[in-house]
Amino acid sequence: MNNQHITIVSFGHFESYFLNRIAKEVSLVMNCPVKVKDGHIDLSDFFDSSRRQYDGNKILKQIDTIYSSESYRTIGLFNVDLFIPILTYIFGQAYLNGITGIVSIYRLSNERYNIAADENILLERTIKEVVHELGHTLGLIHCHTTTCVMRSSTYVEDLDQKGAGFCSNCMDLLKEKVG
Amino acid sequence: MTKKISILVVDDEESVRDSLYNWFVEDGYRVECADSAKMALSILESECFDIVLADIKMPGMDGLEMLKRIKALEKDIIVIVMTAFATVDTAVQALKDGAFDYVTKPFDPDDLSHLVRNASKQISLVGENEALKQKVATLESVEDLIGKSEAMQSVLRQVESVAQSNSSVIITGESGTGKELIARAIHANSPRKFFPLVSVHCGALTESLLESELFGHEKGAFTGALYNRKGRFEMADSGTIFLDEIATISSKMQVELLRVLETKSFIRVGGNKEIKSDFRVICATNKDLKSMVETGTFREDLFYRLNVVNIHVPPLRERAGDIPILVDYFIKKYCNSMNKPLVTIDPSALKRLEEFKFPGNIRELENMIERAIVIGNGKRIYLRDLPIESSLIDSSIESLDENEKNHIVLILNKYSWNISRAAKALNIDRVTLYNKIKKYDLKRSEK
Numbered sequence: 001m002n003n004q005h006i007t008i009v010s011f012g013h014f015e016s017y018f019l020n021r022i023a024k025e026v027s028l029v030m031n032c033p034v035k036v037k038d039g040h041i042d043l044s045d046f047f048d049s050s051r052r053q054y055d056g057n058k059i060l061k062q063i064d065t066i067y068s069s070e071s072y073r074t075i076g077l078f079n080v081d082l083f084i085p086i087l088t089y090i091f092g093q094a095y096l097n098g099i100t101g102i103v104s105i106y107r108l109s110n111e112r113y114n115i116a117a118d119e120n121i122l123l124e125r126t127i128k129e130v131v132h133e134l135g136h137t138l139g140l141i142h143c144h145t146t147t148c149v150m151r152s153s154t155y156v157e158d159l160d161q162k163g164a165g166f167c168s169n170c171m172d173l174l175k176e177k178v179g
Numbered sequence: 001m002t003k004k005i006s007i008l009v010v011d012d013e014e015s016v017r018d019s020l021y022n023w024f025v026e027d028g029y030r031v032e033c034a035d036s037a038k039m040a041l042s043i044l045e046s047e048c049f050d051i052v053l054a055d056i057k058m059p060g061m062d063g064l065e066m067l068k069r070i071k072a073l074e075k076d077i078i079v080i081v082m083t084a085f086a087t088v089d090t091a092v093q094a095l096k097d098g099a100f101d102y103v104t105k106p107f108d109p110d111d112l113s114h115l116v117r118n119a120s121k122q123i124s125l126v127g128e129n130e131a132l133k134q135k136v137a138t139l140e141s142v143e144d145l146i147g148k149s150e151a152m153q154s155v156l157r158q159v160e161s162v163a164q165s166n167s168s169v170i171i172t173g174e175s176g177t178g179k180e181l182i183a184r185a186i187h188a189n190s191p192r193k194f195f196p197l198v199s200v201h202c203g204a205l206t207e208s209l210l211e212s213e214l215f216g217h218e219k220g221a222f223t224g225a226l227y228n229r230k231g232r233f234e235m236a237d238s239g240t241i242f243l244d245e246i247a248t249i250s251s252k253m254q255v256e257l258l259r260v261l262e263t264k265s266f267i268r269v270g271g272n273k274e275i276k277s278d279f280r281v282i283c284a285t286n287k288d289l290k291s292m293v294e295t296g297t298f299r300e301d302l303f304y305r306l307n308v309v310n311i312h313v314p315p316l317r318e319r320a321g322d323i324p325i326l327v328d329y330f331i332k333k334y335c336n337s338m339n340k341p342l343v344t345i346d347p348s349a350l351k352r353l354e355e356f357k358f359p360g361n362i363r364e365l366e367n368m369i370e371r372a373i374v375i376g377n378g379k380r381i382y383l384r385d386l387p388i389e390s391s392l393i394d395s396s397i398e399s400l401d402e403n404e405k406n407h408i409v410l411i412l413n414k415y416s417w418n419i420s421r422a423a424k425a426l427n428i429d430r431v432t433l434y435n436k437i438k439k440y441d442l443k444r445s446e447k
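Protein sequence lines correspond, in order, to chains A and B.
Residue numbers for the first sequence, in this note's numbering: 1 to 179.
Residue numbers for the second sequence, in this note's numbering: 1 to 447.
The following block holds chain B by itself, in its conformation from the complex:
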């Protein structure tokens, strides 16, 4: 999938504009013309072009002044300046001001084609570089999706099947369970994988910032809008947009978002031109959106638009069996990144980790391992290197029964409710364990 390169030709001579227009259209480019610098700047305010081919000598604002203004408006645009009156000084000035190249009229036909082909190559290289960076980041983080537990395997199966579709996805789960990794995995396995995955942390932005972040803005749309800026929806064209903490967006933004999802088009803040973008949307939240719909704090129509597929990521305490392989993975990851020899973990430290509830989920486990590698002796991670000694016992629970119940749940989950193995780990017989399950009315979680 390659996009048609767009060229804006700026020249006060009609014959030059017509000639360039015909030449480039025959070469398969999208071309528009402006007869003055003023007109070109006005076109550029409402429309994006890849290349501007501009004459230097024009009445009113000249090409060099226009070049400066274009660069102030849109830094990445490629500007090629041309003139019939070449001097070294103007050429050097143009290049200093950010021109991609400088040509003297009339050109040899081959020179013109080469010039624009080089500029197109530059544009596609920049685009490819961005896409590859995104892809590497995506693939690196997808490797973090680890888990042999049934709960995690079920999530991975869902990821695999939903990736091929174009449906909206809501990923739910507690904080730190790796919802963004799931989004990255869906993108990396989808047909959109060669295009960007653009993440927006909705909870970290105020309503007006989020609006500008999502839709982009025109220069001067508000104080500090020094350049035209593409929004995240525009950047996610042909790719995926990941909206984290979707439950935090205001009711006004919910309306805006619904409109964009329905039309796949939007207008930049301070702009007037409708921009189309083909993106897939994946959202994540640690809130119960359905009850927010019931209480009226989240729009029902938006909820159904987003919630085509729901993937629930289980908390780490419900898949304690994955802790040893996660620990092993994080040890390798951080020893490599810190250029340290691989360390091992003491069995008693690992046992404590397996018993720990991890309210911060995988993120908390990862931080613990990273810290232990930094402060440890460089050979082995001991219990003393882990910040869980004092927090292991929940001091708010004073009842012995409550503590017993929690511990039995922990062990049952760890062994995926295999009664024999759980009983063996608890050092009680199977009948006793069944009695305890009955006593505390324990049920296997569906998730």
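Excised from the complex, chain A in its bound form:
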């Protein structure tokens, strides 16, 4: 995509090997170097006590303000339950044609649905969600191709059905947009 790098900023006390594997896979899909760094914000500022969830809109804005100037694209990675005012929850969100996106693994793990933990599945889902949000920052909208990473996913089953890569149409659009 670009010689500049993508940064994944970690806000969730993730194991370093977990972050490094995400960075490696995302780098392969995006054809761009990916760096990982720790981030520091006070999440209690974004907690909505009536919903017992964290406001995704406000967090995205904050991450964009602090980190967007540091790299080509930035993804904030969390482990809290995110919402936006109109939706009961979100896996992640990003500024369309912007710099920044956020992803939370909170609803991506099997344990959340009373299924045996599977770290590989969690990793795959997280990679897909990170690439999806990066796609939005690069101007891609939702795609109807079943296997494309830009297909809209509201349940983890949707995430499991799609692939981690872009379909040929989205790839062509990306080439048009970023060369």
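Simulated from the structure, these hints should not be mistaken for lab results.
Each residue gets a CB set at the ideal place from its N, CA and C atoms; glycine is no exception.
Be careful, since some hints might not be right.
[Said to hold, decoys possible] One side only, chain A facing chain B, incomplete, derived with CB under 7 Å:
(1) N57
(2) I84
(3) I86
(4) L87
(5) L96
(6) H136
(7) I141
(8) T154
[To be verified] Dumping the calculated DSSO-like pairs for lysine-lysine here, alpha-carbon to alpha-carbon at most 27 Å:
(9) K4(B) / K177(A)
(10) K175(A) / K68(B)
(11) K58(A) / K57(B)
(12) K105(B) / K38(B)
(13) K264(B) / K162(A)
(14) K340(B) / K287(B)
(15) K162(A) / K4(B)
(16) K230(B) / K264(B)
[What the hints assert, rightly or not] Estimated spans, in silico, between C-beta atoms of each pair:
(17) D108(B) / Q161(A): 15 to 21 Å
(18) S49(A) / R117(B): 56 to 62 Å
(19) D89(B) / H144(A): 22 to 28 Å
(20) Q93(B) / K61(A): 34 to 40 Å
(21) Q161(A) / K38(B): 41 to 47 Å
(22) K177(A) / D97(B): 23 to 29 Å
(23) S16(A) / V88(B): 50 to 56 Å
(24) S16(A) / K4(B): 20 to 26 Å
(25) K38(B) / H144(A): 32 to 38 Å
(26) T87(B) / Y155(A): 28 to 34 Å
(27) L95(B) / S168(A): 42 to 48 Å
(28) Q93(B) / Y155(A): 30 to 36 Å
(29) T145(A) / Q93(B): 38 to 44 Å
(30) R69(B) / H5(A): 26 to 32 Å
Dock chain B against chain A, hints included.
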């Protein structure tokens, strides 16, 4: 070719507007936001949206009141109401007032996508239904284009070749020759066939009505403008507009029409927003537009803009050879529509029809056959069933020579100027016929 669905989000909370905006933009919709009912109504007055997603509880005018006003303004718009305070009563009231659906905030992400997808499906189904109705009407009427005569075959060849282009067409011909059918045939064979063919009979409307009909109007633009209304140019987007009796439009409308044809954009009566529309224009007239240009009653620039291709539809008397198949076609058409068994036509009645001049052209022939089927005995159409007995002889012509000349022209045209066949039908020899042609200075029509 599918159009991007447009959504207007109305909510007093900025975070809700932003969230919905981002969500729908990522889904590929065109989205705009309003922070109040008042602002939404003002946007809707100048811009069209497919879906309005509105909060019920807003300061000032609430969502239910806004829903009523939107429906009064634009009946077909889909309104989905949402609220954080759901009660059965408000839901029922919203649906009674014309809301498409009702949702409670916050929604499950999947519910929101489904809701808008259903609304989009409804919009495309309504659009498809309209387009299909148009197409069926177009195809049904195109079947009426019948004729084996050389004159008609030449017209059909022109239709075929011009259909694929995007050029403006003027169809000329006497009243009742089927000019609108030619327009329908061009549209039905063109790449625009999946989109509407919108017909406007310019001669039937006054200048102000025609203006509102063509360009549409905003609510309150004039007395009786109770709703915003799309004009014919807007309705013909991606399709074809057929302007019948184009010669009757006023000089003011000629200027307006020229501007629209050049820019493919216009403003609704009483509105201020420029609307773009991609249409092809086909016009028809029974007048000689060129001489109207010479006398200054029709704008020369408009004439040349419209007259890229000219198709002349011959009068029925110049293709009398087509009468038997047209009669056969109309018999089948009306017997079927009246649920009657197929009737036949008596040879002497058919012969009279072939000799008749039909000043009203095919329309007159069609009406005659329809009438004969209604009043006839249900088995056979006789001469007495046709209203031509007394009108066959033109009483204004007293000279025997004049009558002879007219009859020879009729027979020559009937047999496409085949001298042997025409002479045989006239029961004279070929030399006599040649002499008569010379005597009356008869010439084969070019058309």
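Exercise for review: Report the numbers of all earlier hints that the structure fails to satisfy, in ascending order.
Suggested key: Of the numbered hints, 10, 13, 14, 18, 19, 22, 24 and 30 do not hold.
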